[in-house]
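S.K.: Listed here are the chains, written in short residue letters.
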Amino acid sequence: MSRPVELPRWMEIGALPLVNLMMALAVCSVVLALVGLAPQQVFTMLLRGAFGSAAGWSYTLFYATTFIFTGLAVAVAFHGGLFNIGGEGQAMIGGLGCSLAALFLGEHWPAAILLPVMVLAAMVGGALWAAIPAALQAWRGSHIVITTIMFNFIASALMAWLLVGPLKAPGSMMVETAAFPAAARMPSLHQILNDVGIEWPRTPLNLTALIALGAAIAVGIFLWRTRTGYELRTVGFSPDAAHYAGIRSRRQIVLGMLISGGLAGLVGINELAGAQHRLLLDYVLGAGFTGIAVSLIGRNHPFGIVLASILFGALYQGGAELAFELPGFSRDMVTTLQGLIVLFSGAMAYVAAPALGRLHRLVRPEHLPSTGLQTQGSQRTTQSGQRDG
Amino acid sequence: MTSREPAPDWVVPAVQMAAISKRFGAVQANQAISLSVAAGSIHGIVGENGAGKSTLMAILYGFTQADSGTIAIHGQPVEISDSRTAIGFGIGMVHQHFLLVESLSALDNILLGAEPDWQLHRARARVRGQLEALIRETGLQVDLDARVADLPVGERQRLEILKALLRGARILILDEPTAVLTPQETEQLFVTLRRLRASGTTILVITHKLKEIMALCDAVTVLRAGEVVFDGPIAQCSLDQLAHAMVGRRVRLERQASVPAEPVGEVLLAAENLVWKDGAGVERVAGVTFALRSGEIVGIAGVAGNGQSELLALLSGMLKPQTGRLRLGTSTLDATDWIDPSMARRLRLAHVPEDRHRFGVVLPFATWENAVLGYQRSRRFASAWGWMRRKVARTATATMLETYDVRPPQADLRTSKFSGGNQQKLVLAREALAPEQSPQVLLVGQPTRGVDIGAIEFIHGRLRAMRDARGAVLLVSSELDEILALSDRVLVMNQGTIVGELAIEDCTESALGRLMAGVGAERVAPRQASAREIPG
Amino acid sequence: MDEAQLTSLFASTLRVSTPLIFCALAGLLSERSGVIDLGLEGKMLLSAFAAGAAGAVTGSLTLALATALLVGMAMSMLHGYACVSHRGDQVVLGIALTMTAAGLSIVLGIAWFKQGGQTPPLPDTVRVGPWWLGHNALVYLALAMVPAIWFLLYRTTLGLRLRATGENPAMVDAAGLSVKALRYGALACNGLLCGLAGSYLVLAQGANFSPHMTAGRGYMALAAMIFGKWHPLGALGACILFGFLDAVAIRLQGVPLPPELGGGAVPVQAIQALPYLMTVILLAGFMGHARAPAALGIPYVKER
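In the order they appear, the protein sequences are chains A, B and C. Numbering-wise (this note's numbering), the first sequence opens with residue 1 and increments by one. Numbering-wise (this note's numbering), the second sequence opens with residue 1 and increments by one. Numbering-wise (this note's numbering), the third sequence opens with residue 1 and increments by one.
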């Protein structure tokens, strides 16, 4: 992804993403107005729905957990220089993995062993699904964006076949498996709190949220504290320097994608072991794409991703509440906002940069951006990309 | 080798450039250059890299504008604001790196941008007729219907010339035309150029190859450091004169600081018959054999593009040779089982790459992260489990920054914020200090490119210190000054081989100049490489 | 299979392939000029919605078509603004367009028509009815666009310039042509074609818009374009193939598999997944070489 403008660091991390977010919200407000809703009212109610009650909070955090996984997946791949759009498919196959473990081992093994095994199975499932596109990119040069999108569709078809066929719950008309045995269910928050005597409304929020936080910390440690993370980031920034440093780029690419897929696969634990307690179709519901938005606003950093995930969790939960209360509102408004965020924070991230740079220079004239090319020639392109392409 | 008589004075020169000056930031690329090219002649523009030839021609072709000075074409003063205008004045340019669409045919490539009809087959038919006439006239054989991807380099070049001629070029600029040609193709080109000259076309040839200038041109202008140092008809000069003019009074007699205290020791690195072919099958390194001994600095001189960069890349493990052997310390490596960069470091070979931005550092990384680049697998900076020893790395970085006077000495600052000189010092510091055992052999390419004066002396001092500590340094530089200031021995490369070896005392301007220009060595010349990006 | 079944299969194939053909050609033009288009799905979807909404509100076929084309164009112009003028990441933009279109079409649909995101069914006067041999004009338009685009790309000088832009924009720039203008032009046609695809879904194949009705067809069209090696005739062949597979899939439901393959029925999902699988195999280089335009996806920066 190109970075044409040199802005001071604080602007790049703080101001620019905020500006982009504002632009997305502004366009969103226009859409709201178009459908006859008052933007202010909508946003207030949304916040209330997301954070105004214990149930609201819980749902918000439940959704956030899923987004943390997919957001981390996109981020890890991105640090290796790749765009993993296959989060949807990888989450599906991850869910498949943990469901298989639950259904086939659940009767015999205690939760203390089964749950970690399910977590592992979910990661393995997701990683496996990312492995083929990764290998194809590394060794055959096949564009990973297209292969991962294709794999999303193939995963859908695979799941559909499994759920109407081999894995279908016997005697049921529903397209889903039998319910998971008790040992294969992730303890939910209200259960835990009720056990210690605290009243808490019944929500899908479960222990996986802690796993998600742990994953975020683990990814942060991996990327910036381990040698492998260092090598991955080197490949992502500069394959040439990686070669110079004796790093095998191909292996790093595949490794990055495996980790990415594994993270996406954990969505299965949250949604299936934690909430649905069975394998069904369509439980990912676009979380893979939300992960892209989350990672973009979160600047591909675990901390930002956790915050952005909470933001999107709030949007989803607040959106659900709004859909109840406001007749004109539908949850698809959230999808629209999500798309707008990807648009402004992703594709058009640096459109505002020259303007911000000029603003900065107006305020602090001594801080001229350090462009690499200092020329007097009228034809040369400056690094701010002012020339038309 | 007869050259035409220069045109009589009363014939208006095709190109007259008067007092052209151009500055790029801190660099004065052209300084009051005046140049007169007789109509219907072949005029050579000669100089080393950085002498200003490309800038001058870019001004003539409209890619950039001079800060001051005037240009007249066929006696008419002109303003050349862009390349379209230049084409309008009959100026055509054949670039060193061809601008062609490989998947299209030769005819389509010529056609693009100058189509006489909106329907392709009609446009092709019209242009084909014109082109076939041109081909007959000039002898520029090009298979118009072949795909460019299938055409050999020489034919592609003819294609570019045809393209310029079709657009009405009467003044043709050729930028390093023989850089990509075999000797046979070069001869063919010369035949073509002479024919063009006979038909009245004025030709400007930018080159650094003196032999070719003598064989082809009617007049020559030699540039050095942005200024004209020689200008006149070929008949009035000799090869030696040209070599001297190009290289100039470079030999610095004050080398007292550089004289090594002890004589050289055992062989630390020995290369045997290294051969490397690029993707197109051109031999860029055509059988190089040499040895590097403890306690010496060996400089490789030569005009850029003659295989030095590739040699450095081979020795550091970034490229694999087709044949050859390498002895590093006690290990012997064959071409089939070549060294790779991490192995090289384990064998105590350090490498400061020529292109530091691309290979030497990761610009967005913090400085301490770059300080371990390449050494991230050593036990010193990472535990067996893969945990990076940040504290150790930071301390090591602090030492590096201090010892090598890198400013500002902030280990957490992004490397992109450092000036070029400080980045280079960082790279050098890393290669010298990061290994657990200090390196025995240091390969260094362009150590002071883009580095300010103050840092240059410092870097030179460190290189000498390495030599004095019984290490060996292999230095590749396009700055002859630098080679002469540092080296104990100088090897000159030309067209992929070492054409000469001189002890520093024997390095005179003419001796070096002749070797660098490809004169004075009996060799079956393989194809010449074109300057392009290669690792190291 | 008897003649009636074959004819019906052929007809189904054409029906299903038509939107794919429009989209694949749209993607082709864009990518041949060097701009990746992952927003085909979104452009088709939003245009479909526009056609359905405009048709229901105005009761005019012409206006419905015009609106769809306009919306397609607008999205492509946004594409150009972000990626050509501002060198934004083309992949991210495509995904953004698709996500936004998916949400926006439903939001506006619910707000304006209150039928859960659907637009009201359109009467026959506002639809493109059967014209010849039982197929409507848009089907024939799609088929006609194939030789038209082929002619444009390979028989006109404009087409030559466009193709060169996707291979070596520096060369086109040096020849004095505007890379920007050529890319924007390709995107404009791309928008129109996507608009036609969306129109077809609502004004010809169906009678209204329903949420997510494109169902991944935009990506299938992309796959078809790649499978067709970025050539109009290849894209047509691939689209017909994918359409055929789709038509066959419905008919294959319940057909028993021979016992050697385990008995049971042919999984319809396998056939559904087939186009995507084939694209992956192609990209892996196992089905011949797919060479994308050399400068695809690389934003062009004027060097001088």
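A couple of the hints might just be wrong.
[Unchecked claim] Subject to a maximum C-alpha distance of 35 Å in a straight line, what follows is the list of computed DSBU-like cross-link-like pairs (lysine-lysine):
#1 C:302 / B:417
#2 B:417 / B:320
#3 B:320 / B:211
#4 C:229 / C:302
#5 B:277 / C:229
#6 C:180 / C:229
#7 B:211 / B:277
#8 B:417 / C:180
#9 C:114 / C:302
#10 B:391 / B:417
#11 B:320 / B:277
#12 C:229 / B:320
#13 B:277 / C:302
[Unchecked claim] Sample of chain C residues at the chain B side, in silico, Cβ under 7 Å:
#14 3
#15 4
#16 153
#17 155
#18 156
#19 157
#20 160
#21 175
#22 176
#23 178
#24 181
#25 249
#26 250
Since the hints were made in silico from the structure, they are not lab data. Where a beta carbon is used, it is the ideal one built from N, C-alpha and C, also for glycine.
S.K.: Decide, hint by hint, whether the structure agrees.
M.R.: Right, here's what the structure says about each hint:
1. For the hint pairing residue 302 of chain C with residue 417 of chain B, the CA-to-CA distance comes to about 25 Å; that is within 35 Å, so the pair holds.
2. Of the pairs offered as hints, the one joining residue 417 of chain B and residue 320 of chain B holds, with about 34 Å between alpha carbons and a cut-off of 35 Å not exceeded.
3. Among the hinted pairs, residue 320 of chain B with residue 211 of chain B is consistent with the structure: their alpha-carbon atoms are about 32 Å apart, no more than 35 Å.
4. Taking the CA atoms of residue 229 of chain C and residue 302 of chain C, the gap is near 28 Å; set against the 35 Å cutoff, the hint holds.
5. Between the alpha carbons of residue 277 of chain B and residue 229 of chain C the distance comes to roughly 32 Å, so the proposed pair stays at or under 35 Å and holds.
6. Proximity of residue 180 of chain C to residue 229 of chain C is assessed by CA-CA distance (about 24 Å); at most 35 Å being required, the pair is judged to hold.
7. Straight-line distance between C-alpha atoms of residue 211 of chain B and residue 277 of chain B comes to about 25 Å, which keeps the hinted pair within the 35 Å bound.
8. The straight-line distance between the Cα atoms of residue 417 of chain B and residue 180 of chain C is roughly 33 Å, inside the 35 Å bound, and the hint therefore holds.
9. Restraint check for residue 114 of chain C and residue 302 of chain C: the C-alpha separation of about 50 Å exceeds 35 Å, so the hint is violated.
10. This hinted pair checks out: residue 391 of chain B and residue 417 of chain B have alpha carbons roughly 22 Å apart, not beyond 35 Å.
11. With a CA separation close to 10 Å, the supplied pair residue 320 of chain B and residue 277 of chain B stays within the 35 Å bound.
12. At most 35 Å may separate the alpha-carbon atoms for a hinted pair to count; residue 229 of chain C and residue 320 of chain B meet this at roughly 34 Å.
13. For the proposed pair residue 277 of chain B and residue 302 of chain C, the alpha carbon gap of about 32 Å is at most 35 Å, so the pair holds.
14. With a least beta-carbon distance of about 42 Å to chain B, the hint placing residue 3 of chain C at the interface is violated under the 7 Å criterion.
15. At about 45 Å, the closest approach between the beta carbon of residue 4 of chain C and any beta carbon in chain B exceeds 7 Å, and the interface hint on this residue is violated.
16. Among the interface hints, the one on residue 153 of chain C is violated; its C-beta lies about 10 Å from the nearest C-beta in chain B, farther than the 7 Å criterion.
17. The interface hint given for residue 155 of chain C is met, as the beta carbon of that residue sits about 5 Å from the closest beta carbon of chain B, less than 7 Å.
18. The restraint placing residue 156 of chain C at the interface with chain B holds, with a minimum CB-CB distance near 6 Å, inside the 7 Å limit.
19. With a cut of 7 Å, the hint placing residue 157 of chain C at the interface with chain B holds, because the nearest CB-to-CB distance is about 4 Å.
20. Interface hint at residue 160 of chain C: satisfied, since its Cβ lies 6 Å from the closest Cβ of chain B, which is below the 7 Å cut-off.
21. A hinted interface residue such as residue 175 of chain C counts as satisfied when its beta carbon comes closer than 7 Å to some beta carbon of chain B; here the least separation is about 3 Å, so the hint holds.
22. Restraint check, residue 176 of chain C versus chain B: the minimum CB separation of about 5 Å is within 7 Å; hint holds.
23. Annotation: interface hint on residue 178 of chain C violated; nearest CB of chain B at approximately 11 Å, more than 7 Å.
24. Because the beta carbon of residue 181 of chain C sits about 13 Å from the nearest beta carbon in chain B, more than 7 Å, this interface hint is broken.
25. Hint status for residue 249 of chain C relative to chain B: violated, with the closest Cβ pair at about 36 Å, above 7 Å.
26. Nearest Cβ of chain B to the Cβ of residue 250 of chain C: about 40 Å, over the 7 Å cut. The hint is violated.
Checked against the numbered hints given earlier, this structure breaks hints 9, 14, 15, 16, 23, 24, 25, 26; the rest are met.
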